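Chemist: As a plain string of letters, each chain reads:
Protein chains: 2
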Amino acid sequence: MQVLTEVLDGRWAAVRGDIREQMAAQRPPEPCGLDVDQHRALVSEQLRQLADTGRPRLGFPPEYGGEGDVGGAVVSFEMLGFGDLSLMVKAGVQWGLFGGAVQSLGTEHHHERYLPAIMSLELPGCFAMTETGHGSDVQSLRTTATYDADAGEFVVHTPDTAARKDYIGNAARDGRMAAVFAQLVTGGRSHGVHAFLVPIRDADGRPASGVTIEDCGAKAGLNGVDNGRLSFNHVRVPRTALLNRYGDVRPDGTYTSPIENDNRRFFTMLGTLVRGRISVAGSAGNATKRALALAVRYAERRRQFYGPEGEEVAILDYLAHQRRLLPALARTYALHFAQEELVSALDASQGTTEVDATRQRALEARAAGLKAVTTWHATGAIQAAREACGGAGYLAENVLPSLKADTDVFTTFEGDNTVLLQLVAKGLLTNYRDQFADLSPIATARFAAEQFVGAVIERTAARQVVERLVDATPARDDDEIVFDRGWQCKLFEDREQHSLDGLARRLRAATKDTAFEVFNTAQDHVLHAARAHVERVVLEAFVAAVDRCSDDETRGLLDKVCDLYVLSTIESDRAWFLEHGRLSGPRAKAVVAGVNQRCRDLRPHARGLVDAFAIPEQFLRAPMLAGGEDG
Amino acid sequence: MQVLTEVLDGRWAAVRGDIREQMAAQRPPEPCGLDVDQHRALVSEQLRQLADTGRPRLGFPPEYGGEGDVGGAVVSFEMLGFGDLSLMVKAGVQWGLFGGAVQSLGTEHHHERYLPAIMSLELPGCFAMTETGHGSDVQSLRTTATYDADAGEFVVHTPDTAARKDYIGNAARDGRMAAVFAQLVTGGRSHGVHAFLVPIRDADGRPASGVTIEDCGAKAGLNGVDNGRLSFNHVRVPRTALLNRYGDVRPDGTYTSPIENDNRRFFTMLGTLVRGRISVAGSAGNATKRALALAVRYAERRRQFYGPEGEEVAILDYLAHQRRLLPALARTYALHFAQEELVSALDASQGTTEVDATRQRALEARAAGLKAVTTWHATGAIQAAREACGGAGYLAENVLPSLKADTDVFTTFEGDNTVLLQLVAKGLLTNYRDQFADLSPIATARFAAEQFVGAVIERTAARQVVERLVDATPARDDDEIVFDRGWQCKLFEDREQHSLDGLARRLRAATKDTAFEVFNTAQDHVLHAARAHVERVVLEAFVAAVDRCSDDETRGLLDKVCDLYVLSTIESDRAWFLEHGRLSGPRAKAVVAGVNQRCRDLRPHARGLVDAFAIPEQFLRAPMLAGGEDG
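The listed protein sequences correspond, in order, to chains A and B. Position 309 (the first sequence) corresponds to 309 in my numbering; numbering is contiguous. For my numbering, count along the second sequence from 1 and bump the result up by 631.
The shape of chain A in the complex, shown without the other chains (with noise of 0.2 Å):
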C-alpha cells in the first residue's frame, strides 16, 4: 500500500512524513479516565512541546522567524487529527486563529510586537469572535470599542450579557490576550467590526482590571480545551492596539480604510481568515479515517453467525455491515483529494501580492462548502463506525467514544454548516461578484435575483481531463454504463445546473417586500444546490488523482473507490435524478446494484484501504482489536 500512500501524501508529502516520525516516537496522549482540569492540564502541556518543535512556525512569514508554508503549515494542523483532537483544536486557536488574525489583519508593528511571542507560545491568545447571541450573524456583533481621542484609546465594553463573547477557546485557563471583534465607533460613528487586541490576564494569571472570565465547563467533547466566556467592561487599550490593516484611525478620531464600503471591508477582513476552516476539515477528515480504519479492522476480526463452510463469518463479509462502511470509506479518500487540492489552492493565493477578489471569494466558498460536507461526513461516518464496533465501540478505551464526541461539534463551529451551504449557494449565484458573505436572507435573495445570469460551471484543476471522460462516454446504453467515469461526471455537472437554474428562477421571482419569504421557501433548494456543486468539485478532485497516479494497480483500485464514492452519492439522491428525469427506474436500480458491486469488489482491499492512511499505529491501539481472535 506504500504506492496509495505516496498518492494519498501528495505535495506535502514530506510534513507528513515528518510528523508520522515524530509521532511514533511518541507515547500516545491518554487522555481516556481524564476529568476536565487533567485533561486541560495535559493539553496544555502538549501544545507547549509542540511549540518546541518549532513546526508551529511554519506558516508564519520568515522575517519573524517562520517559514512561509501556508500549505504545509495547514497539513501539520491536520495530522493532529489523527491524535487527541483538543491538541488540534487548541494549536488551531493559537496558531490558526489568534495568530492568523494578528497576521492577516494587523500591520508590521504588530508582527513585529507579537508574532515571535505567539510561535514560542510565549504569548497564549483567544479568538473571541462569537457571542452568545450573535454566532453566525459576525456583522451584528454588539461588543463596542468606541474611540477616545483625548486618551488616544479604544474603549472596549459589553453592553449586556448577550455581548459577551462565549465559546471562546483558551479563555478559560491559559490565553493572556485575546484578538477581539468589536463595533468600532469614533466621532460618534460606528464602522463596523474590528479586530483590537486586548489583555485578557496579566504576567500571574488573574484577570485583567476590567474583563471578567467565566469557564464554559464540561462539554460533550473536546475536553482538553479550556473555553470561557469574555465580558469587557470599558477596558481601554491604546490605539495601536487594533488590528489595523484593513481600517485605522488616526489620533485625532479620523477613520481611514482602503476599502470605503464597511460591508465589503467586513467580508475582506473575515475571508482572511479562512484557513481556519480548512484545518477543521482536513482535521475532521482525518479523525475520520481513524475512525474507519479501527471499525474495518474490528469488523474483519469479529465473526458472528456461521457460514456455508461451517466457520463463523467475519462481519465484514455480510453486505449490510460493507454498507455501513465502505461508502464512508470511498467517500473519506474523495474528501481527502478535494481538501489536497484546496490546500493547494489556498496557498497558491497566499503566494500572490495582489489578490484577486473574485478568486479570493471562490476560495473561501470552496473552503465553506468543503468544510461543511467533511464535517457533516465525519459525524455520519463516525457514528456509523461506532455503531459497527456494536457494544466494544461504546467503551471509552476503544476510541470510538471520543473521536464521536470531539468531532460532533466540528459542524457548527468554525461557521455551522447550514449557514455555509447558503454562502455556498450565494457565491454560485453571484459569480462572487459582491459581498458574498453577507447572508442575511433579504440581501441573498435580492442579490441573487439581480445577480443571476446563469450558472457556469466552474472549472477545477481536472477540468481537462473530465472533459475528455465526457467526451468519450461511449453511447452505450445498458447498466455497464454507470461505471463510466464520463457519464457520471456529466450526470454531476447536469444535477449541478439544473438545480442552480432552477433556484435562481425561484429567487428571481423576489420583489424587494417578498425577498424574505421567496428565500425562505427556496431554503431547501438553496442547500441542495451547494451540496451537488461540493459533490462534483469533490468527484474532480479524485478524478484528478486517479488521472496522476501512475501505478497499474494503484489506478485500478482507486477507480472502484471513486465508483463507490459516485455510486453512492447518486444513490443518496437517486430520488432528485428519478424525478428530473435524469435516471429512469431501471437504471437507479442499476446504481444500487452498482454501489453493492463495488462493496463486494472491494471488501478484499478494505484493509489495505485504511492502511494506506499510514496512521501512526498507537493511535489505532485498542483493546477490541488486541490479542488474537479470542482476544
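Honestly, the hints are just simulated from the structure, not real lab data. A quick note: this is a predicted structure, and the numbers were derived from the prediction, not measured. Hints should not be assumed to be uniformly reliable.
[To be verified] DSS-like mimics (lysine-lysine), calculated; alpha carbons at most 30 Å apart, straight line:
#1 Lys1121(B) / Lys589(A)
#2 Lys1220(B) / Lys589(A)
#3 Lys490(A) / Lys1220(B)
On the provided structure of chain A, position chain B as indicated by the hints.
Modeler: Chain B in isolation, oriented as in the chain A frame:
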C-alpha cells in the same frame, strides 16, 4: 395542550401522572461534571430511593408482593427516560432483566426465594448473557454449566477470554448475583443455552470464590451504570440454581423439558424476555422528546439575521430549521402511539395463561422492529437537536450532550438494530411459524425460501379504521391527494407488500449451497422490507390515536402531525416509490412540497406539541433557556 397530553398519556395515564408528580417533587439529578465513580455512586443511591418508592413492584406477581401490572411497569420504566438515563438502565438491569429472568425463566422455588429481595433491592443482580466473542448470536455462547451428578451441582466455567461475560450492567460495583447464560451439559451432552443463578459477590462485596470481575471502565455515556466483565473458574452452584421453567435436570443428571427441540426451547426462553426491548424503545422515545423540547424552546428564542420587519428572525422561522426539527417531532409522536399499542399487546399477552406461539412471535417481532426504528430515530433526532442548538448544544450544562451520549448505545444493545430488522423480515416471511429468532444467515434464507406463502398485511388494532379510510380515498388526481389519509395508508401497505414479495422471490432462488450468498446479496432488501413493515404499523397506530381523539381542535392538529410523519417518511424513501412506479416525478415533488407545507402549518404549534409531552420542568432547565431574550 391538556387534551393533547391526555391523548398521549393514554391507557396508563394514572401511572404517568403519579411519576410526574414524584419527579416534580424531587430535586433534579445533576450528573453533569461528575466523574465515573461519583456518577455510579449517585445512581446507586437513586436506585435505592426508587426501590423505596415501591414502584418497581408494579410488574411482579401479587403473590410475592407485586401488583401484576406489566404494562404499567413498562410505562414506569419509560418515564425514567425523561431523567438521567443511567438510572433508567440500572433499574432496567435490576428489575427488568435480572428480575425478569428469575420471574420468566424460574419456577415457584426461585420466585419465593428471590423475588421479594429483588424487588426491594436487597439482592442487586446482573443479567449475564453477552460474551466478548458473542453478542448477536446468543446460541453460540461458550460459557458452560456442566452437571456433576455426584455432587448434585452445576460447574459454571469460562473456557477462554472470548467466553467471558462482557458489558454486564451492575457487575463492576453493585451486583451480588447474576443470571448467567451458559450451555447446559449433562451426561456428556449439551442441551443448549440455559440461565443459572450464580452468586458473584459475598455479603461484604468481595468477588465470590472462582469469580473474576473486571471493570469496563469509562464509556461514551451511561457512566452511572457499572458495566463489567465476569469470568468463572469452575464455580459450583447447586442443581436448583438452574432457572428451570423450560428445561430441568433431575438429581441423576437426566435432562427434561416441556419443549423437545433445543432451538425452539431456546428461542421460547429468549422470547419471554421481550419486555426489556420494549422498555428500551419507550425510554429512547422519551429521551427524544426531551431533546426536541429543549431544541424547540431554544429555536423559538434564538434569533439570527434580520427579517423583513427589521427584526431579527427566530431560527424556528427558517424552513431549514423547521425541517431539522419538525419531521423528527412528528415521527416522535407516531412512535409514541405505536409504543403505547405495543405495551398494550404485551400486557394482554402476559395476562393469558395459555401462550399462543404465533402470537407471541408476532409480539417479539413487533418489539424488535419498534426498538430498532425508535432507537435509530433517537440517535438521529437527538443529533439534529444538538446541532440545532449550535455551540450551546455542545455544552454539558445544556443537557443535549448527555442525551446524545447516553442513548447512543441503544441502537446496538438489547439487540443490534440491523440484526433486529432481519428478525422482523424473517418473521414476516415465515408468518411466525418457526424458530423466529434463529438468525444464522443460512437458516434464514432456507426458512424464508421454504415457508413463504405470500405476504399478508398483518392486522393492527386500527385495521378497520384504515380500511374505511382506504375505501374512502377520493378518485381525485391532483396533488392534494398527498394529504389524503387513505391514499397514504394504501401507499404504505403497497410498499410493504411489494417489498416482501420481491424479497421472497429473491430468497426462493436459494439452494442449500447458495443460501448464504443469496441471503447476503439480498440483505439490503431484507432491511428495507422490515422498515417498510414497521413504518406501516406505526402509521396505523397513529391513525388509531387520531381516530379515538374526541376533541376536534386536537384531532385537527394531530392530523397535520400525522401528515408530516407520513410525508417525510415517503420523502426519504421516495426513490423507491419512483423506481417502482408508485409515484410519478410530479407527485414525488408534491410530497416534498407537502412536507414544507406541513412544517409551515405546524410552526406555530411547535411549542405546544413539545409541551404536551408534559416533561417535568426541572428536566428542561438549561442555561441556554434561562433569562430573557438577551440571557
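Chemist: Evaluate each hint against the coordinates.
Modeler: How the hints compare with the structure:
no.: 1; hint: Lys1121(B) / Lys589(A); verdict: 23 Å, holds
no.: 2; hint: Lys1220(B) / Lys589(A); verdict: 20 Å, holds
no.: 3; hint: Lys490(A) / Lys1220(B); verdict: 23 Å, holds
Checked against the numbered hints above, the structure breaks none of them.
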